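With these hints in hand, go ahead and build the complete structure from the sequences.
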Amino acid sequence: MAVVFEKPKGLTDAVLHYCPGCTHGIIHRLVAEALDELGVTDRAIGVAPVGCSVFAYNYFNCDMVQAAHGRAPAVATGVKRSDPNNIVFTYQGDGDLAAIGTAETVHSAARGENITVIFVNNAIYGMTGGQMAPTTLPGQVTQTSPYGRDVEKVGYPVKVCEMLSQVDGATYLERVAVNNVKNVKAAKAAIKKAFKNQIEGKGFSLIEVLSTCPTNWGLAPTKAIEWLEENMMPYYPLGVYKDKTAE
Amino acid sequence: MSEKVLMKGNEALAEAAIMAGCRHYFGYPITPQTEVAAYMSKRLPKIEGGVFLQAESEVAAINMVMGVASTGKRVMTSSSSPGISLKSEGISYIAGCDLPALIVNVQRGGPGLGGIQPSQSDYTQATKGPGHGDFRLIVLAPASVQEMVDMTVKGFDLADKYQMPVMLLSDGTMGQMMEPVSLDISEVKTYEKPWAVTGTKGERKPNIVNSLYLKPDELEKVNFERYERYAKIEKEEALWEEYKMEDAEVCIVAFGVAARVSQNAIDRAREKGIKVGMIRPITLWPFPKEALKKASEKVNKFISVELNMGQMIDDIRLAIECKKEVLLCNRTGGMIPTVENVLSKIDEAIEGGRK
Chain A
1 MAVVFEKPKG LTDAVLHYCP GCTHGIIHRL VAEALDELGV TDRAIGVAPV GCSVFAYNYF
61 NCDMVQAAHG RAPAVATGVK RSDPNNIVFT YQGDGDLAAI GTAETVHSAA RGENITVIFV
121 NNAIYGMTGG QMAPTTLPGQ VTQTSPYGRD VEKVGYPVKV CEMLSQVDGA TYLERVAVNN
181 VKNVKAAKAA IKKAFKNQIE GKGFSLIEVL STCPTNWGLA PTKAIEWLEE NMMPYYPLGV
241 YKDKTAE
Chain B
1001 MSEKVLMKGN EALAEAAIMA GCRHYFGYPI TPQTEVAAYM SKRLPKIEGG VFLQAESEVA
1061 AINMVMGVAS TGKRVMTSSS SPGISLKSEG ISYIAGCDLP ALIVNVQRGG PGLGGIQPSQ
1121 SDYTQATKGP GHGDFRLIVL APASVQEMVD MTVKGFDLAD KYQMPVMLLS DGTMGQMMEP
1181 VSLDISEVKT YEKPWAVTGT KGERKPNIVN SLYLKPDELE KVNFERYERY AKIEKEEALW
1241 EEYKMEDAEV CIVAFGVAAR VSQNAIDRAR EKGIKVGMIR PITLWPFPKE ALKKASEKVN
1301 KFISVELNMG QMIDDIRLAI ECKKEVLLCN RTGGMIPTVE NVLSKIDEAI EGGRK
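Residue numbers (my numbering), protein chains in the order written: chain A, 1 to 247; chain B, 1001 to 1355.
Please note that a few of the clues may not be correct.
Computed list of lysine to any residue pairs in SDA-like fashion (alpha-carbon distance at most 25 Å, straight line) [stated by the list, open to error]:
1) Lys1201(B) to Asp83(A)
2) Lys9(A) to Met1309(B)
3) Lys193(A) to Gly1202(B)
4) Lys1244(B) to Lys1201(B)
5) Lys188(A) to Lys244(A)
Derived by calculation from the structure, the hints in this document are not laboratory data. Predicted model only: the values in this text are computed from it and were never measured.
The structure is reproduced here in structure tokens:
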């Protein structure tokens, strides 16, 4: 019998703890596939964040470090600078990367740190039960914006790819989504390119992946995908925001 | 004996770190320790595998330290008091992940932005573990530029030996003053680090560097185990120096620059026939409790000489089980006690003893 589908070697056998319908699982798989296909899983070192994906260290089948909230790019900087042959990635959510860790994100990009950042944007703090995130949309109801995000009082969401596109040190910035097969394939290509850039020593790559949080959005998985398409994708347009390798 | 060179404390410790095998330094500018970073920025890029990186913040610097420490290489950062507060989060994680690293605190006056003159007001922060959770640092307190060198080398060794962060608790005086030093470092020990993240190379299961244990019984177990290690350190690693303690009736306890001032005061008091000596803790944690306890059986009084509002004095009282009175001779805010300050406190101890 022909094998038509396999778990990537870059993933362990641990059962994911993510909620039903959450797209972290897809994104984990894409990262693992990219590492496998590029043949670098056995020299990869991942840095897990604080947030829903804190347990990433149980799922990626490579050496892992668990970092303090927002500090993953700084930890990754140390790991990479220790041995440039290490293939180093961070896997971070929006609260981690775009709020408490903004300085670490911007400055690792500014330094052109030769690492790969996987940024999962689901517009909410998932692990702590659904509070307003730096990427929560205007009007979006969360536990700490119960009347909807009031931009007059708490300001606007942070658009990470747009912001980092102004940072000279950044090499490659792309926003993707995992809402359908076509986009999953595009996300895979972007993630793979981000790792390829690192292997080739081209510098800082960040892939922002628009993701769902059915539990904290209070929506069924299919409805969550629809909500992402109708609300998040117009506010956070997909596309390449910077690509020095194409210039 | 090797030739001695005249060096500033901050530069001597930086050179000693390199000699101890440290090739990675991450820091952020802050007075009065900036010479450490400046020295490293000059030296490390010229050494194979050397990395100097000025971080965007103290927070980032300590996390870069954590990154290198995770890979099993010797790494350090240095800062001064306000910067150490910012590093506290990272220090807690480094301790929680059982990673070795050297953190230098060239103390200045506080709280808040405080001042830039020498201080010992981070004693409690350092010895009780800066950051959240149950943990300790080994804290080394040099009292000369030579000890800045020796303690740096020892600090890296202890960090590797016990897989934990070590702090070199210096102050502006030690950092800024120049003294002749020998950089003849006899032996640099190396340690196996099978836990390090170096890439599996397809030869082993993944290593995970982590401080998260959601199950309370597991976290308790990890903390219990860590404290067993700490108990061993308390038993085996306490360092101190005794000065004229043989016949002493009054015992001064002082470290760092306070010990140097105290030593002068002791010599002056001895000229007048006053029997005073000193126990100088070299490790502040583990605190030389046994030495103090033993001294408490002989001396009438203790004097704690500190550049703070009296932080070490509590540890002295605990060590001697409050069996003898402990007087405080202190200046703070960047002021250094004078020999006269210490002498008048010695007089007070003697006078009080005669009552």
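Comparing the hints with the structure gives:
Of the pairs offered as hints, the one joining Lys1201(B) and Asp83(A) holds, with about 14 Å between alpha carbons and a cut-off of 25 Å not exceeded. Under the criterion of a C-alpha separation no larger than 25 Å, the hint pairing Lys9(A) with Met1309(B) is inconsistent with the structure, at around 59 Å. Restraint check for Lys193(A) and Gly1202(B): the C-alpha separation of about 23 Å stays at or below 25 Å, so the hint holds. The straight-line distance between the Cα atoms of Lys1244(B) and Lys1201(B) is roughly 58 Å, outside the 25 Å bound, and the hint therefore fails.
With a CA separation close to 19 Å, the supplied pair Lys188(A) and Lys244(A) stays within the 25 Å bound.
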